[in-house]
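**Q** Make a model of the complete structure from these sequences and hints.
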Amino acid sequence: MKKVVSPLQILVVKEGTDMNETKESKGIKTPQTSQNIDTRSAPKAVNNKFVLKNVNLWYNDFQALKDVSMDIEEKKVTAYIGPSGCGKSTLLKSLNRMNDLVEGCRITGDFLLDGQDVYKTSNLNLLRKRVGMVFQKPNPFPMSIYDNIAFGPRTHGIKNKAELDEIVEDSLKGAAIWEETKDRLRKSALGMSGGQQQRLCIARALSVKPEVILMDEPTSALDPISTGKVEELVAQLKKDYTVIIVTHNMQQATRISDKTAFFLLGEVVEYAKTSELFANPQDKRTENYITGRFG
Amino acid sequence: MSKLKSLRIDREFFAKGVFGAAAFTAVGAVILICVFLFSRGVPAIWEAGIIKTITGTQWAPKSMIFGLLPMIVGSIYVTTGAILIGVPIGILSAVFMAKICPKPLYRILKPLINLLAGIPSVVYGFFGAVVLVPQIQSIFDLSGGSTMLAASILLGTMILPTVITITESSLRAVPREYYEGAVALGASHERAVFRVLLPAAKSGVMAAVALGIGRAIGETMAVIMVAGNQTIVRLPWQVTEGVRTLTANVVIEMGYSSGFHKEMLIATGVVLFAFILIINTVFNYIARKGESPKAVNKTKKGPPTGLVIGAIAGAVVGLIIVPNIGIVPDVTETLVSIDSITVRGGKVIEGSIVDAEIYNGVIRKATVDGKSAGLIESLVINGITIEGTNVTEALSDFPSVKDEAIITGGAVKNVVFHGAFIDAIIGALIGAVLAALLARSMPDKLLKVLTWAAGGITVTVLTFIIGYILIKGVPHLTPALFEPEWNTTNQSMLPAIINTAAMVLCTLLIAVPLGVFSAIFLVEYAKRGNRFVKVIRTMTETLAGIPSIVYGLFGMIFFVQVMGWGFSLLAGAFTLSIMVLPIIMRTTEEALKAVPDPYREGAFGLGAGRLRTVFKIVLPAASPGILSGIILSVGRIVGETAALMFTAGLFAQILGSPMSSTRTLAVHMYVLSGEGQFRDQAYATAVVLLLVVITINTLSSLIAKKVSKA
Chain A
8 MKKVVSPLQI LVVKEGTDMN ETKESKGIKT PQTSQNIDTR SAPKAVNNKF
58 VLKNVNLWYN DFQALKDVSM DIEEKKVTAY IGPSGCGKST LLKSLNRMND
108 LVEGCRITGD FLLDGQDVYK TSNLNLLRKR VGMVFQKPNP FPMSIYDNIA
158 FGPRTHGIKN KAELDEIVED SLKGAAIWEE TKDRLRKSAL GMSGGQQQRL
208 CIARALSVKP EVILMDEPTS ALDPISTGKV EELVAQLKKD YTVIIVTHNM
258 QQATRISDKT AFFLLGEVVE YAKTSELFAN PQDKRTENYI TGRFG
Chain B
57 MSKLKSLRID REFFAKGVFG AAAFTAVGAV ILICVFLFSR GVPAIWEAGI
107 IKTITGTQWA PKSMIFGLLP MIVGSIYVTT GAILIGVPIG ILSAVFMAKI
157 CPKPLYRILK PLINLLAGIP SVVYGFFGAV VLVPQIQSIF DLSGGSTMLA
207 ASILLGTMIL PTVITITESS LRAVPREYYE GAVALGASHE RAVFRVLLPA
257 AKSGVMAAVA LGIGRAIGET MAVIMVAGNQ TIVRLPWQVT EGVRTLTANV
307 VIEMGYSSGF HKEMLIATGV VLFAFILIIN TVFNYIARKG ESPKAVNKTK
357 KGPPTGLVIG AIAGAVVGLI IVPNIGIVPD VTETLVSIDS ITVRGGKVIE
407 GSIVDAEIYN GVIRKATVDG KSAGLIESLV INGITIEGTN VTEALSDFPS
457 VKDEAIITGG AVKNVVFHGA FIDAIIGALI GAVLAALLAR SMPDKLLKVL
507 TWAAGGITVT VLTFIIGYIL IKGVPHLTPA LFEPEWNTTN QSMLPAIINT
557 AAMVLCTLLI AVPLGVFSAI FLVEYAKRGN RFVKVIRTMT ETLAGIPSIV
607 YGLFGMIFFV QVMGWGFSLL AGAFTLSIMV LPIIMRTTEE ALKAVPDPYR
657 EGAFGLGAGR LRTVFKIVLP AASPGILSGI ILSVGRIVGE TAALMFTAGL
707 FAQILGSPMS STRTLAVHMY VLSGEGQFRD QAYATAVVLL LVVITINTLS
757 SLIAKKVSKA
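Here the protein sequences line up with chains A and B, keeping their order. Residue numbers for the first sequence follow our numbering, so the first one is 8 and each next one is one higher. Residue numbers for the second sequence follow our numbering, so the first one is 57 and each next one is one higher.
The set of hints was computed from the structure by calculation and includes no laboratory data. We put the CB at the ideal spot given by N, CA and C, even for glycine. Some clues are possibly wrong.
[Said to hold, decoys possible] Below are the SDA-like pairs computed for lysine to any residue, each with C-alpha atoms no more than 25 Å apart in a straight line:
1) B/Lys155 <-> A/Met150
2) B/Lys504 <-> A/Met150
3) B/Lys258 <-> A/Leu192
4) A/Lys127 <-> B/Ile750
5) A/Lys168 <-> B/Arg692
6) B/Lys501 <-> A/Ser282
7) B/Lys159 <-> A/Phe69
8) B/Lys258 <-> B/Asp500
9) B/Lys159 <-> B/Ile750
10) B/Lys469 <-> B/Ser396
11) A/Lys168 <-> B/Leu490
12) B/Lys501 <-> A/Asn130
13) A/Lys291 <-> A/Asp265
14) B/Lys258 <-> A/Leu197
15) A/Lys144 <-> B/His245
16) B/Lys504 <-> A/Thr128
17) B/Lys762 <-> B/Arg692
[As the list claims (entries may be wrong)] Pairwise CB distance ranges (calculated):
18) B/Ala330 <-> A/Lys168: 39 to 49 Å
19) A/Ala228 <-> B/Ala509: 33 to 43 Å
20) B/Pro652 <-> A/Lys168: 20 to 30 Å
21) B/Ala664 <-> A/Tyr126: 53 to 63 Å
22) B/Val387 <-> A/Arg193: 40 to 50 Å
23) A/Tyr126 <-> B/Arg163: 28 to 38 Å
24) B/Leu493 <-> A/Asp177: 47 to 57 Å
25) A/Leu133 <-> B/Pro160: 23 to 33 Å
26) B/Ala330 <-> A/Asn130: 52 to 62 Å
27) B/Pro231 <-> A/Tyr126: 48 to 58 Å
**A** Structure, rendered in structure tokens:
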């Protein structure tokens, strides 16, 4: 793992402004190759959105994460794979501190978002605005489609109707569900299909203009066609957002992610470019897992 | 072999018959009550004239005048007041308990709320009479504190546990994902709770409000102890006046009514019943509308529900407050001038400085400078002295005086138009606008403060009630109160305790087999989705919503009079059996349904018959649930007063036989609290009732723990 030294920075309120551009990535050796899914952009210097250092996490006495360190590249898709109970969802939920809701959860180590430790921030709600989340099971609120999307912006103080309308439209378009929903914005979101609901939830996550989107097995409850749509969407999202996705499905990881981390029993066994990890795993355990010998 | 087989089939057939018969009996009981009520009440209303009964402002049974409007309005007023007080505090307290309050506090709060849910209404009524009524009297400087305000506050407090418990459990039932989704968007805890969880729990909250309304409108004993029970009610109301509700009307006059008067009391019961049915139907409709998948696809237009509810609540609050302040004066026509009024003690007061009201021709509330002038002995009109305390006659010479008139500025004036109507409209508008503005822009922080405040109010009020009763009652728990024989000096409650035990036993002997067997029939024998099952379920739900006074009315006329049992343990037990039957049926049904089907399949797979499966496999598995239903029923029986006063009677000694009159502890408490000189004994009785409730609650929570372990 490479080490990144970044000056401690005050949490940035507005997206995009005053980003820490000085971050250096000494360790990156491989340039963009043709194998990479994203061939449209090939930034020379890679920005790390998240830097995790020596993360340990306990649920009461059970240690769920063991000394995890990793960098998450900006505007890339990072996939977490591994068997059930390996800690991949746990790590994901630590990034926007959803684990705070779990009783008996204890965390040590650094979680640097743009250089600022998320566990030292004074404004938890702002953190969660910046680091959005899409859950395993689609969880639209029992409200209209419009109100579902408008909930986020309203939460952060936007009341102007025209502005809200615009955000709703942009978010739905961003999640590629505008065409399906534009005529039924005032209808309950619970009447949509599962796949539509999940894309609505992605749109809802986009509505607060986050920088990072965490996805916790977003397609595990969906049929193959809906899954395909969500995957397409993820590929588009990385143009503007940093995406971290937990998946059980290794094919999915190969299809949509730039980098993949393999988790086992709370440890990150291997973390590399997706193409490399699957083509040429360095660790025996990774090889066993991706060839289907366990998990 | 074949003999064995046929024997078994016969036994199965027999069992099915028994269970079916139980179910039919349960339905029969509901039908009986309905038939009885409607067959006697409706013709009575018809004979008296429907319009005349519903809109008649005078209730004078001796003169055969039966206008129910004062009672209808009284019930609506008192219930509305209770809802305005109890529902917002209740819902906020539920939010507090489910989502805000620290765990250690919750561990104290929850049993406290359960305790208050179980306290008999006589105890609440007694508390209201000794604490609330004097306070209101002194604060508003009234001649008597038994007022609509007292009844509303007391009922508002009484419905708190109901509203809190149901709202809390529906809040807890909201999927965790909703909360996580909101928080993941950066919503604060309060915002997630109030803008996502609470709206998601809407149908549960609705059910809580419906039950609260049902409880408030059906409450009898507590209301008659604090409401004053006058049959005079004016539109729009003044909260500092006494009021009589429909339930109070029945219980006050049931004991001595006869002939057409009695029929009209049954008619009162019918009107009450109709009220409950309407409320249940409306709320069922709203709840179903919120839940059905069809509604999901309906286009929703218009302002958000919160805004509408806020506006309505604001309108009602404005409706109450403004007319009580009085902005717009009444429009009056002057009829005749008064020279002077002589009040009791011979004091002559100059007519021009006296203010008074005339209602149904009687002068009341005569005041000078806002102070009560006392009873009027005579008045001088146009130089002619009219003697006598009955001013009705004095005014009979002026036929143009309306039912409602006022005396002011030295003259009798008819009220042509009530300024209070305009006041009410103004108040409603102001209230609606203010509440809508507030609901729209209420900051989450303020909501949090309100939640803490509501939680605080609930804790304070409830602790105060319990603390007050304990402090006042425990010192008076003397050995004399537990002497085996009751007499007028010792006021022993031991006979009442023994009688209560007998009543509980007797009622359960009737209701438990009937209820459990009916439930077995519904769950294990009837085909799922059977229409008959649906009918029974609707009926039991209806039965559950009937106020206990209606059961009392039915019991008195059917068991006491028609069956000729007189005031007796048996009549009381049968009446209460019908009352607790829905509770036992519902809880047993739920418990049976909760038994997983594989249990049954396993038994069938071994060749066990249905009967054997039910008794050896299903019932044992469901027994904790059934037991908790029975314990709930015991609570109802112990706390019941209204339904027992006129079925089991008031005889204060240990019962001799099932046919002897039997005073239970709650009835004993009511009798004691009505007699001023036995107040200490009443406190002591309240303590014993509290202890009984605590015991019952402890038992049921132990069982609940057992259920959750299994």
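**Q** Evaluate each hint against the coordinates.
**A** Hints, one by one, checked against the model:
1. B/Lys155 <-> A/Met150: Within the cut-off at roughly 21 Å; holds.
2. B/Lys504 <-> A/Met150: 23 Å, holds
3. B/Lys258 <-> A/Leu192: Holds, at about 21 Å.
4. A/Lys127 <-> B/Ile750: This hinted pair is violated, its Cα atoms lying about 47 Å apart.
5. A/Lys168 <-> B/Arg692: Violated, at about 53 Å.
6. B/Lys501 <-> A/Ser282: With Cα atoms ~50 Å apart, B/Lys501 and A/Ser282 exceed 25 Å; violated.
7. B/Lys159 <-> A/Phe69: 24 Å, holds
8. B/Lys258 <-> B/Asp500: 19 Å, holds
9. B/Lys159 <-> B/Ile750: Cα-Cα ~22 Å, so holds.
10. B/Lys469 <-> B/Ser396: Given that 25 Å is the threshold and the Cα spacing comes to 15 Å, the pair holds.
11. A/Lys168 <-> B/Leu490: 22 Å, holds
12. B/Lys501 <-> A/Asn130: 15 Å, holds
13. A/Lys291 <-> A/Asp265: 22 Å, holds
14. B/Lys258 <-> A/Leu197: The given pair, whose Cα atoms are some 15 Å apart, holds under the 25 Å limit.
15. A/Lys144 <-> B/His245: 21 Å, holds
16. B/Lys504 <-> A/Thr128: 23 Å, holds
17. B/Lys762 <-> B/Arg692: 23 Å, holds
18. B/Ala330 <-> A/Lys168: 39 to 49 Å: 45 Å, holds
19. A/Ala228 <-> B/Ala509: 33 to 43 Å: Given about 41 Å between the Cβ atoms, the range holds.
20. B/Pro652 <-> A/Lys168: 20 to 30 Å: Once the Cβ atoms are compared, 51 Å apart, the range 20 to 30 Å for A/Lys168 and B/Pro652 is violated.
21. B/Ala664 <-> A/Tyr126: 53 to 63 Å: The hint (53 to 63 Å, Cβ to Cβ) holds, given that B/Ala664 and A/Tyr126 are roughly 59 Å apart.
22. B/Val387 <-> A/Arg193: 40 to 50 Å: 47 Å, holds
23. A/Tyr126 <-> B/Arg163: 28 to 38 Å: This hint holds: roughly 30 Å between Cβ atoms.
24. B/Leu493 <-> A/Asp177: 47 to 57 Å: 30 Å, violated
25. A/Leu133 <-> B/Pro160: 23 to 33 Å: 31 Å, holds
26. B/Ala330 <-> A/Asn130: 52 to 62 Å: Cβ of B/Ala330 to Cβ of A/Asn130: about 56 Å, so the range 52 to 62 Å holds.
27. B/Pro231 <-> A/Tyr126: 48 to 58 Å: This hint is violated: roughly 27 Å between Cβ atoms.
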